[in-house]
Amino acid sequence: MAGALVIVAGGFAALLFSVPTVGLLREQLRINCNTYPPGSEGEGAWTCADGISYIIPGVILLAMTGLSLIVGLVVALIARRELVARGWFTVLAVLPVVWTLAWTRYGSDELVSFPPGVPRVDFWMIWVGPAALTVTIALAIAVLALGFRRWAAFWLTASAAVGVGIATVIQPGIGLATLPSAALLCAALLRVERPARAGFAGDPGFSGADGPRRSGERDIS
Numbered sequence: 001m002a003g004a005l006v007i008v009a010g011g012f013a014a015l016l017f018s019v020p021t022v023g024l025l026r027e028q029l030r031i032n033c034n035t036y037p038p039g040s041e042g043e044g045a046w047t048c049a050d051g052i053s054y055i056i057p058g059v060i061l062l063a064m065t066g067l068s069l070i071v072g073l074v075v076a077l078i079a080r081r082e083l084v085a086r087g088w089f090t091v092l093a094v095l096p097v098v099w100t101l102a103w104t105r106y107g108s109d110e111l112v113s114f115p116p117g118v119p120r121v122d123f124w125m126i127w128v129g130p131a132a133l134t135v136t137i138a139l140a141i142a143v144l145a146l147g148f149r150r151w152a153a154f155w156l157t158a159s160a161a162v163g164v165g166i167a168t169v170i171q172p173g174i175g176l177a178t179l180p181s182a183a184l185l186c187a188a189l190l191r192v193e194r195p196a197r198a199g200f201a202g203d204p205g206f207s208g209a210d211g212p213r214r215s216g217e218r219d220i221s
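Quick note: the sequence shown, position 210, residue 210 per the working numbering, numbers continuous.
No lab work stands behind these hints, which were simulated from the structure alone.
Positions of the beta carbon are idealized from the N, C-alpha and C atoms, including for glycine.
Be a bit skeptical, because a hint or two may be false.
Distance windows between CB atoms, simulated [what the hints assert, rightly or not]:
#1 V169 / Y36: 31 to 41 Å
#2 F148 / P115: 47 to 57 Å
#3 I52 / R149: 48 to 58 Å
#4 R80 / W46: 48 to 58 Å
#5 L15 / R120: 32 to 42 Å
#6 D109 / T136: 11 to 21 Å
#7 A2 / M125: 30 to 40 Å
#8 V162 / N34: 37 to 47 Å
#9 L15 / S53: 18 to 28 Å
Build the full structure now, drawing on both the sequences and the hints.
Dropping the structure here:
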């Protein structure tokens with residue numbers, strides 16, 4: 001149930017961060033924008049479509065995020081085996097990020113108008129590149145964590161979730177994908193089986209004030 005709540009929170013975060021996504025598309029990547037040619041009165045200035053024109057790109061980006069969260073919610077409610085749940089959550093965490101990075105890359109290449117004589121600028125690499133590198137490394141760590149169990153899996157998955165969060169700080173405009181991704185990784189984190197710490201009440205080998213009881217040791221009290 002805790003995993004489901006985390007995923008729902010990720011959905012609300014995606015909606016909240018759809019606002020800076022519009023800023024990323026319009027003001028930084030210059031999607032649906034054009035600039036004036038050299039020698040014109042407005043040389044170097046950019047004109048962009050109004051805000052309504054960015055609703056469709058926003059819906060395109062949110063579609064994969066929403067699908068991943070819905071499937072993740074189903075997994076959280078019905079999956080019982082640890083590795084199965086973790087595998088699903090990790091794959092679902094990757095999908096919205098890959099979709100968002102790929103679509104913004106496409107938009108930056110194909111939907112920005114540069115008139116003849118104006119050299120193209122790789123806005124995507126400038127504004128998204130550092131965050132893309134960070135989140136790619138983080139998700140690679142998350143995938144690597146699937147090959148481990150218990151504490152190793154726990155710390156690798158936790159590190160991946162933190163890395164995805166750092167990518168969001170670097171570029172909030174991709175937060176509609178990275179924050180739900182982090183939520184799905186947290187759901188995977190909650191499914192990691194961690195061994196009980198020896199020497200604490202409730203552990204099979206705990207015998208009270210005398211410390212852990214060795215295997216085969218008899219209680220003579």
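Hints, verified against the model:
1. V169 / Y36: 31 to 41 Å: Check passed, 34 Å falls within 31 to 41 Å.
2. F148 / P115: 47 to 57 Å: Holds, at about 53 Å.
3. I52 / R149: 48 to 58 Å: holds (50 Å)
4. R80 / W46: 48 to 58 Å: Hint holds: Cβ distance 53 Å, inside 48 to 58 Å.
5. L15 / R120: 32 to 42 Å: holds (33 Å)
6. D109 / T136: 11 to 21 Å: holds (19 Å)
7. A2 / M125: 30 to 40 Å: Once the Cβ atoms are compared, 39 Å apart, the range 30 to 40 Å for M125 and A2 holds.
8. V162 / N34: 37 to 47 Å: At roughly 39 Å between Cβ atoms, N34 and V162 fall inside 37 to 47 Å, so the hint holds.
9. L15 / S53: 18 to 28 Å: At 20 Å between Cβs, range holds.
Checked against the numbered hints above, the structure violates none of them.
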